[in-house]
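Starting from the structure of chain D, add chain P where the hints point.
If you're matching them up, the sequences are chains D and P in order. The working numbering numbers the first residue of the first sequence as 247 and each following residue consecutively. The working numbering numbers the first residue of the second sequence as 444 and each following residue consecutively.
These aren't lab readings, by the way, just hints derived from the structure by calculation. Any given hint could be a false lead.
Non-contacting residues of chain D with respect to chain P, defined by C-beta distances greater than 10 Å in every case (computed) [to be verified]:
1. 253
2. 261
3. 323
Below, simulated DSBU-like cross-link-like pairs (lysine-lysine); rule was C-alpha separation at most 30 Å, straight line [to be verified]:
4. 509(P) with 347(D)
5. 307(D) with 484(P)
6. 347(D) with 463(P)
7. 347(D) with 498(P)
8. 541(P) with 314(D)
9. 347(D) with 484(P)
10. 484(P) with 314(D)
11. 355(D) with 314(D)
Backbone N, C-alpha and C define an ideal beta-carbon position, used for all residues, glycine too.
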Amino acid sequence: AQSVTQPDIHITVSEGASLELRCNYSYGATPYLFWYVQSPGQGLQLLLKYFSGDTLVQGIKGFEAEFKRSQSSFNLRKPSVHWSDAAEYFCAAANSGGYQKVTFGTGTKLQVIP
Amino acid sequence: GAVVSQHPSWVICKSGTSVKIECRSLDFQATTMFWYRQFPKQSLMLMATSNEGSKATYEQGVEKDKFLINHASLTLSTLTVTSAHPEDSSFYICSAPKGPTSGGELFFGEGSRLTVL
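Extracted from the complex, chain D is given alone in its bound form (with noise of 0.2 Å):
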């Protein structure tokens, strides 16, 4: 079965501090794949995605992510994390070819501490 797994719920990390959430798929090939965030009570925004090409894909808030097809992942990094990032955050993926039925991973809430 299609599965995406985020195997960290919650994150907490210093405020300046590099980022790192990790991201593992499960698909018959290759799919879509997405990372999106989503604040508290509102809906989700896209940070990226990656269909094909380039395999480290940059995205919005200085956010990327490097898809690695050995070990079926898709981790979202980013340098330096400001507290305006804390949210929780979602890997998603969809058959290529379509996004219609697009499986979303558990989330990772992030905390930032000062």
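Only chain P this time, still in chain D's reference frame:
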């Protein structure tokens, strides 16, 4: 950028009543919209795919008669929770794709929090 709007953002209702949630694409047409449900501290679960001009496609385990979906126009899909009960309390989010199916992205509404007393 593309915007998807949901209304209402918050709704409280008595058990047994029905609640309608609207999802609108504001600056683009969406022949397909998706409805998700998010339980506290959990991920989003796809409930159904709303198709303009045809019946919605429900995911396994989702009660069609409980969650009525209507996609009346290219910019509006509605989710009606019929005879709501406390266990239906949840955060409901809609999304719509913009552009061609290959390479587009999903735009999400702000979500609608339903509390059934």
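Each hint tested on the structure:
{"no.": "1", "hint": "253", "in the structure": "holds (13 Å)"}
{"no.": "2", "hint": "261", "in the structure": "holds (24 Å)"}
{"no.": "3", "hint": "323", "in the structure": "holds (20 Å)"}
{"no.": "4", "hint": "509(P) with 347(D)", "in the structure": "holds (21 Å)"}
{"no.": "5", "hint": "307(D) with 484(P)", "in the structure": "holds (24 Å)"}
{"no.": "6", "hint": "347(D) with 463(P)", "in the structure": "holds (23 Å)"}
{"no.": "7", "hint": "347(D) with 498(P)", "in the structure": "holds (17 Å)"}
{"no.": "8", "hint": "541(P) with 314(D)", "in the structure": "holds (27 Å)"}
{"no.": "9", "hint": "347(D) with 484(P)", "in the structure": "holds (21 Å)"}
{"no.": "10", "hint": "484(P) with 314(D)", "in the structure": "holds (28 Å)"}
{"no.": "11", "hint": "355(D) with 314(D)", "in the structure": "holds (23 Å)"}
In the structure shown, no violation is registered for any of the earlier numbered hints.
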